[in-house]
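Throw the hints in and build the complete structure from the sequences for me.
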Amino acid sequence: MTTLKSKLQDDLNAAIRERNELRSSTLRLTLTAITKEEVAGKEKRELSDDEVLKVITREAKKRREAADAFAQGGRPEQAEREKAEGELLAGYLPKQMSDEELTQIVAQAVEEARAAGAEGPRAMGAVMKIVNPKVAGQAEGGRVAATVKKLLAG
Numbered sequence: 001m002t003t004l005k006s007k008l009q010d011d012l013n014a015a016i017r018e019r020n021e022l023r024s025s026t027l028r029l030t031l032t033a034i035t036k037e038e039v040a041g042k043e044k045r046e047l048s049d050d051e052v053l054k055v056i057t058r059e060a061k062k063r064r065e066a067a068d069a070f071a072q073g074g075r076p077e078q079a080e081r082e083k084a085e086g087e088l089l090a091g092y093l094p095k096q097m098s099d100e101e102l103t104q105i106v107a108q109a110v111e112e113a114r115a116a117g118a119e120g121p122r123a124m125g126a127v128m129k130i131v132n133p134k135v136a137g138q139a140e141g142g143r144v145a146a147t148v149k150k151l152l153a154g
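Residue numbers (this note's numbering): 1 to 154.
No false leads were mixed into what you were given.
Straight-line Cα separation of at most 20 Å, EDC-like style, residue types lysine to aspartate or glutamate; simulated pairs: (1) K61 with E80; (2) K7 with E51; (3) K62 with E87; (4) K129 with E111; (5) K134 with E112; (6) K54 with E140; (7) K61 with D50; (8) K149 with E112; (9) K61 with E87; (10) K61 with D49; (11) K61 with E37; (12) K62 with E80; (13) K95 with E51; (14) K95 with E140.
Hints listed in this document are in silico derivations from the structure and should not be mistaken for laboratory results.
In structure tokens, the structure reads:
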């Protein structure tokens, strides 16, 4: 078992002992998503910590989107629960990159792409290819894409 997955399992056991319903249900759902990912495909496999991190990121994003949907649908108590679950999962993710750090990395990538001959809005793909490996797990894709568009337009 990977270290991140075993940490989730240990935290789940502790939450159950403490009778912390929010924490235990959130971790249970996340571990289920991880298990589902492990058995997807032709044969069962053990996920690496990076793959487990991707699953946690995906689960946290689902919670944020659900919180927004519940808030717009006039269900504030459900939105609060989803937001709390998302924050709980965010504790397992690496620290998010600041806007300044992200802008700096994207600006370097834009320069590299322009040096390679990519210009204008079509350079978006080239820039994203350079930026994504550098910010993996530290900045959300939508945030990265918005920064790239802003710098390419400017």
